[in-house]
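2 protein chains.
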Amino acid sequence: MRLAAFRRRTEPPGARHVGLVVDDGPTWRIHPFEPGTEMVSLLAADGATRAAAADTAARRDGIGARDLVLLPPVRPVAMRDFLTFEAHVDGMERGHGNPGPPQEWYEAPVFLFMAPHAATGPYDDIAMPPDTARLDFELEIAAVICRDVRNADAEQARAAIGGYCVMNDWSARDIQSREMKLKLGPSKGKDFATTIGPWIVTPDELDGCRDADGFLDLGMTVAVNGVRVGSDRSGHMGWSFEHLVAHASRASWVKAGEVLASGTCASGSLAESWGRNGVLEPPPLRVGDVVELSIDRLGTVRNEIVQSAEDVPPPVPPARRRARQES
Amino acid sequence: MRLAAFRRRTEPPGARHVGLVVDDGPTWRIHPFEPGTEMVSLLAADGATRAAAADTAARRDGIGARDLVLLPPVRPVAMRDFLTFEAHVDGMERGHGNPGPPQEWYEAPVFLFMAPHAATGPYDDIAMPPDTARLDFELEIAAVICRDVRNADAEQARAAIGGYCVMNDWSARDIQSREMKLKLGPSKGKDFATTIGPWIVTPDELDGCRDADGFLDLGMTVAVNGVRVGSDRSGHMGWSFEHLVAHASRASWVKAGEVLASGTCASGSLAESWGRNGVLEPPPLRVGDVVELSIDRLGTVRNEIVQSAEDVPPPVPPARRRARQES
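In order, the protein sequence lines correspond to chains A and B.
Residue numbering for the first sequence follows the UniProt record's numbering, beginning at 1 and increasing consecutively.
Residue numbering for the second sequence follows the UniProt record's numbering, beginning at 1 and increasing consecutively.
If a hint is listed, it holds; no wrong ones were tucked in.
Subject to a maximum C-alpha distance of 25 Å in a straight line, what follows is the list of computed SDA-like cross-link-like pairs (lysine to any residue):
(1) B:Lys255 <-> A:Arg75
(2) B:Lys255 <-> B:Arg158
(3) A:Lys255 <-> A:Val77
(4) A:Lys255 <-> A:Pro203
(5) B:Lys255 <-> A:Pro13
(6) B:Lys181 <-> B:Ala133
(7) A:Lys181 <-> A:Glu93
(8) B:Lys255 <-> A:Glu310
(9) B:Lys181 <-> B:Pro283
(10) B:Lys181 <-> A:Ser273
(11) B:Lys181 <-> B:Gly278
(12) B:Lys181 <-> B:Gly97
(13) A:Lys181 <-> A:Arg134
(14) A:Lys181 <-> B:Arg94
(15) A:Lys181 <-> B:Gly278
(16) A:Lys255 <-> B:Ser308
(17) B:Lys255 <-> A:Val312
(18) B:Lys181 <-> B:Glu104
(19) B:Lys255 <-> A:Trp253
(20) B:Lys181 <-> A:Met180
(21) A:Lys181 <-> B:Tyr106
By construction, these hints were calculated from the structure, which means they are not laboratory data.
Next up, chain A with everything else stripped away, as it sits in the complex (with noise of 0.2 Å):
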C-alpha cells in the first residue's frame, strides 16, 4: 500500500490528509482517507484494519496531482541518518586523503541525529542556503518507525518498521566539512532542508525485493536535470534497516515517528565524486538544477533549487576568547 500526505492546493498551507495512492505513472490519484487519520498511526495499524480503511478510501473520489501537494508524508519526531554503504564512505574518505574507511565502519552502524523541523515535501521548492558554494544531494532510503521499540529484537526490528520512501539529504559541503572538523555534527551543513516521499510503501508490498539475507534490494538512482549521475542498489547497505532499528535502540527509545535513513548509497551525491576526481565535476547545484532521486518500488522525489527568499541575517560574531579563570 502507498500512502501519502497531502493538502488540496485550494486550501491554505497548514491543511494536512491522508491518502491512498492508486495507479501508477502520470495518472495517480490519492483517495483522501477518514478526516483526522493519522499517518503512523495507519501504518501501525494491522494489515486487515488498514485494507479495511483503504477499502473505504478507494471508493472515495480520487484527487489527481495537479488539484493537490504532497507534504512530507510523515512529521518526524526525530530523524537518524546512518551511513551503511561502504563505497559511499570509501570515495568520501579517499576526499579526506585516507585510503578507505576506517576499521571502525565496519563495527558498527554508525548515525547522526538530524534537523527534524527540516523535512520538506518531495516536489517541493530548495532554497539554496546562506554561505555555501557547494550544495549537494543525497540518495538515501529511508524507513517510518510505527511504533516504540526499546531493546528490540530482530522480529520487533521488523515490526516497528511502518513503511520506506525516498529521501534527499541535502547538503551545503563547504559548511558541513568546517563543522566535521569539530569531529560532531555536522549541524547548519544539513539542517535547510530534507526531502522525504514522494509517499511510504508498506513493507508488504517489498516482500519480493528482500534477497537471500532479507536485505531490501531495490535499485536507486540520480538525475540532475535530466541526466543521470549516479546509481547504486540498497542491497548493498552493510546493514539492513531491521539491524538499524535493533541498533538504534539498544538501551534506548527509537519511537513511532521516527525516520531512519541508510546514509548516501554509492555515487549518490557528488561530494564523492569530487573526492575520487579531485575537482569540482560535476559542479555544485546551481539555482534552477533540478534533482531527481529515483527508487524502484518507492517512487521518486524531485526538487528544483530555487533562489532563497529570506532575509537571513548575517552570521554570528566569532568565538569571544576568554581566557579561563577558576571560579
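With chain A's structure known, arrange chain B on it following the hints.
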C-alpha cells in the same frame, strides 16, 4: 520564577504536572498550576499572565520534596548540544594529540542534534549503558526554547528563550571515540540518558547575572561522591545563548520545546582530564557513584549510577561486505 514538572509519589509513572517552586534549600515545595498547564506555554506567556498563574498556584497547598518525583522539566521536541567552551575543546583536542582547538572552532558555534527521547529527571538513577568501560558526565547549562523562530535577530533570539536549567550529557567515551572516527554523530555514545533540571529558571531571575557583553555568568561545579572534581563559569562560553539561537535559526527552524545546551564547560568532564593527563584519572564512573552538577541560581541535579535492569540484546553483526555492482 522557577518552574518544575513533577508527579506525586502516589501517582503512576505517566502522570505529569507543572508547578511553581517556592523556597530555597531543603524546604523547597512545589505549588501546582491549574491542571493541564503546559510548561512551554507558561514560558511563552507574558510576565503578567505568568505572575497571575503563579499567584493562584501559590495559594494552593505546596508539596514537599519527599512526596513527589521531579520529571524532566520539558519533553524536548529536539535537543541541540553546542561546543562553546574553548578550554574544554582544548583539553579534548590535546587528548587526541592535537595542539589545541582547530581554527574552525573559533569561526562559528558547531552543534549536534541529540537523542530527544533520552531526557531524564533531575534525580533519576542512571543505568550503566552496555559496552562501555568509560562512562563520563558533562556539566552543561541549557536554554529551553518557548517560541518558534527562524532567522532570529538578537531580540527575537532573546525572546525565544523561556528559561535555563542544568544539563548532564552522560557520555560513554569509548563508544563515542569509535563513532567519531567517522566524523559524525556521536550517537550511541550519548543516546542512553541526558539529565535536565532540576527545574527551569526564567530569564528575569538572572538579569543581575549578565556580564558587560550580556553573557550569562553563573558559577558551575561538579562533584563525584561529594568531592568537587570540576568548576567553571558560564561566562566562559565563546558565544551567548542568544548567539546560539540566532546561529541555529539561520535559514532553519528552532521550535518551541527545544533544548539548546552549551556543551561541556572546562573541567566539566572526566575525559578532559584523561586527555590532559594521559591516564584515566579520575577513574571512569562506576555503579554506585553519585554525580552532582550545580549551577548558581539554577540548582543541582544529582544522579546515582546503577546497574542496568534491562535485557539488552547483543550488538548487531559487523557490516556485510558487498562489492558494488553497477545497477
